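Given the coordinates of chain A, assemble chain B onto it according to the supplied hints.
Going down the list, the sequences are from chains A and B.
Just so you know, we're using the numbering used here here: the first sequence kicks off at 1 and counts up by one.
Just so you know, we're using the numbering used here here: the second sequence kicks off at 1 and counts up by one.
A hint or two may mislead.
Identical copies go unnamed one by one, so any copy, or any two together, can satisfy a pair.
[Stated by the list, open to error] Here are the simulated EDC-like pairs of lysine to aspartate or glutamate, each with C-alpha atoms no more than 20 Å apart in a straight line: (1) Lys88 <-> Glu226; (2) Lys258 <-> Asp208; (3) Lys108 <-> Asp296; (4) Lys2 <-> Asp42; (5) Lys258 <-> Asp147; (6) Lys2 <-> Asp203; (7) Lys304 <-> Glu53.
In case anyone wonders, no lab produced these hints; they're calculated from the structure.
Remember, it's a predicted structure, so these values are computed and weren't measured experimentally.
There are 2 protein chains.
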Amino acid sequence: MKLPAEPLPQAPEWIAVDWGTTHLRATAMGPAGAIARAASTDGMGSLQPDQFEAALLALINPWLAAGRVTPVIACGMVGSRQGWAEAKYRPVPCMPAAPEALTRVAVKDPRISVQIAPGLSQASPADVMRGEETQIAGALALMPDFDGVICLPGTHSKWVHVSVGEVVSFQTFLTGELFALLSTQSVLRHSIAEAGFDAEAFDQALSDALSRPERIAAKLFSLRAEGLLAPAASPASAIAARSRLSGLLIGIELAASKPYWLGQPVTLIGAQALCDHYARALQAQGLNPTFLSASDCTLAGLSKLKGAL
Amino acid sequence: MKLPAEPLPQAPEWIAVDWGTTHLRATAMGPAGAIARAASTDGMGSLQPDQFEAALLALINPWLAAGRVTPVIACGMVGSRQGWAEAKYRPVPCMPAAPEALTRVAVKDPRISVQIAPGLSQASPADVMRGEETQIAGALALMPDFDGVICLPGTHSKWVHVSVGEVVSFQTFLTGELFALLSTQSVLRHSIAEAGFDAEAFDQALSDALSRPERIAAKLFSLRAEGLLAPAASPASAIAARSRLSGLLIGIELAASKPYWLGQPVTLIGAQALCDHYARALQAQGLNPTFLSASDCTLAGLSKLKGAL
Numbered sequence: 001m002k003l004p005a006e007p008l009p010q011a012p013e014w015i016a017v018d019w020g021t022t023h024l025r026a027t028a029m030g031p032a033g034a035i036a037r038a039a040s041t042d043g044m045g046s047l048q049p050d051q052f053e054a055a056l057l058a059l060i061n062p063w064l065a066a067g068r069v070t071p072v073i074a075c076g077m078v079g080s081r082q083g084w085a086e087a088k089y090r091p092v093p094c095m096p097a098a099p100e101a102l103t104r105v106a107v108k109d110p111r112i113s114v115q116i117a118p119g120l121s122q123a124s125p126a127d128v129m130r131g132e133e134t135q136i137a138g139a140l141a142l143m144p145d146f147d148g149v150i151c152l153p154g155t156h157s158k159w160v161h162v163s164v165g166e167v168v169s170f171q172t173f174l175t176g177e178l179f180a181l182l183s184t185q186s187v188l189r190h191s192i193a194e195a196g197f198d199a200e201a202f203d204q205a206l207s208d209a210l211s212r213p214e215r216i217a218a219k220l221f222s223l224r225a226e227g228l229l230a231p232a233a234s235p236a237s238a239i240a241a242r243s244r245l246s247g248l249l250i251g252i253e254l255a256a257s258k259p260y261w262l263g264q265p266v267t268l269i270g271a272q273a274l275c276d277h278y279a280r281a282l283q284a285q286g287l288n289p290t291f292l293s294a295s296d297c298t299l300a301g302l303s304k305l306k307g308a309l
Numbered sequence: 001m002k003l004p005a006e007p008l009p010q011a012p013e014w015i016a017v018d019w020g021t022t023h024l025r026a027t028a029m030g031p032a033g034a035i036a037r038a039a040s041t042d043g044m045g046s047l048q049p050d051q052f053e054a055a056l057l058a059l060i061n062p063w064l065a066a067g068r069v070t071p072v073i074a075c076g077m078v079g080s081r082q083g084w085a086e087a088k089y090r091p092v093p094c095m096p097a098a099p100e101a102l103t104r105v106a107v108k109d110p111r112i113s114v115q116i117a118p119g120l121s122q123a124s125p126a127d128v129m130r131g132e133e134t135q136i137a138g139a140l141a142l143m144p145d146f147d148g149v150i151c152l153p154g155t156h157s158k159w160v161h162v163s164v165g166e167v168v169s170f171q172t173f174l175t176g177e178l179f180a181l182l183s184t185q186s187v188l189r190h191s192i193a194e195a196g197f198d199a200e201a202f203d204q205a206l207s208d209a210l211s212r213p214e215r216i217a218a219k220l221f222s223l224r225a226e227g228l229l230a231p232a233a234s235p236a237s238a239i240a241a242r243s244r245l246s247g248l249l250i251g252i253e254l255a256a257s258k259p260y261w262l263g264q265p266v267t268l269i270g271a272q273a274l275c276d277h278y279a280r281a282l283q284a285q286g287l288n289p290t291f292l293s294a295s296d297c298t299l300a301g302l303s304k305l306k307g308a309l
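For reference, chain A alone in the conformation it holds in the complex (with noise of 0.2 Å):
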């Protein structure tokens, strides 16, 4: 998505940036908090190491004021091996947030000075987490007493223990990037709806992969195989496949992080219809999720780290 910034009435103090694969926000941040947004979609998959500079300066330049240094925060893939400067991995159990982990990155033009927040890495099982380290510490500065497990739904889901302010440990899974692929890249994107939601489908499929979860690979030919042999093809067919998919991928998903999740408070960080899908499947075995939304907890979380500065 773009959205491109406007100059404002005064300059901000901060901008907080959230630059991930495929999208760069900034949020350009008072006294207050948050007073102008912009986006565009120079992801850091898309740049090579000199050219971040110039895309965030195409992002917030009418933000900026001549003799005045604003200082810039940012969490994400941008502090990868192949972002704008290594922003090295922190090994669990630790705090989310670290100030003073920050990697400051060289800058030529004199209006900014950027600095990037670490990801977090388990040795074993080997895992790793970039960004959502700080949505995690963003959810814990507006839920302070917060104890138990946060998920984080997307494209690789994470599932992540918190106890006494920590990140304990955490379990990555591939549900979504396998969801994106099958749906558009396999035999089944000729069965599978671009989008609706059926929700007898889900919760069917849900349960199915939740207590056989070994069958997977074969549920997931089915959904073709009902396709070729249903009398007619249908837009609610397609529908009930996309969802029985979804159903399928999240089902094997908590069945793998059923010990993360079983008897504890769940707290759902990301986009709303995907953890509204997450929320529906917990409620099924009983839980009762809360849900904060992912760009709340990024910027909760950059704000920390500049707090602490």
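The following block gives chain B in isolation, referenced to the frame of chain A:
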């Protein structure tokens, strides 16, 4: 693979054709079996219905004689709804080959007559096959007394229960397609070699997946995280990651297909290298599978159809 046909000293009695989504393979048949082979990349997936006859003639023209009608018998996706002409599925349980159910295709060239073998379908769980039924018929021609389970590894792996010459039931797994998507299109592609095999990594991943199949989506992301956290990426670690991916996917397939193979004689039909991996995996479970080449089985199956006409 392309292999043009050469003129033959004598016209073939008939021509056997294996016509899949991405390949077209023809075998000129004499009284004692194959006398010549030819292949092109004119698979079903790249052709419109009115282009099939020309694609076939482009391949086999050197084998045809004016004033003589050469029978062509074909199997595979050429008989699908998107193929040359639909050869409707036959429901199991049934014999794998049915000469009386061949679909005759109208052609313009008077030198050929073309018939297509139908696939098989199963109502519950919904499943379909096209082309494999002819390989199964061929396997039973080559091993007339075989009773047990036939496994056909591939893009869409099939496990088939065969008894007294009939296909009793079968189950398809998306294993090969998942491997292709994950190794070339997903974030894992950065960590995975294009070729090579590490037996120890394969065995360990297979064992992990068989004992904890529900952890598959987490294990998949671990392949990426291990690559990121390793002190240095190496060709050996990329080959190990490839073998682990293969072991994980074959492992969840074996976990789900256990009702098929447990305590049964198993015959593998497919490409040698892939069948070697399945054989290794099944041997670790105490089985001793036999192997038949896919092209031998296809030819034997088409010959059985021709012989019954």
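Hints, verified against the model:
1. For the identical chains of this complex, Lys88 and Glu226 are inter-copy neighbours only, at 15 Å across copies versus 47 Å inside a copy, given an alpha-carbon limit of 20 Å.
2. When the C-alpha separation of Lys258 and Asp208 is checked against a cutoff of 20 Å, the pair qualifies both within a copy, at 15 Å, and between copies, at 17 Å.
3. For a Cα distance limit of 20 Å, the shortest separation of Lys108 from Asp296 qualifies neither inside one copy, at 30 Å, nor across copies, at 67 Å.
4. When the C-alpha separation of Lys2 and Asp42 is checked against a cutoff of 20 Å, the pair qualifies only within one copy, where the shortest distance is 9 Å, while the shortest distance between copies is 42 Å.
5. Taking the shortest Cα distances, Lys258 and Asp147 sit within 20 Å of each other inside one copy (17 Å), while across copies they are farther apart (41 Å).
6. For the homomeric pair Lys2 and Asp203, neither the shortest alpha-carbon distance inside one copy (35 Å) nor that between copies (48 Å) is at most 20 Å.
7. Taking the shortest alpha-carbon separations for Lys304 and Glu53, neither the intra-copy value of 24 Å nor the inter-copy value of 69 Å comes in at or below 20 Å.
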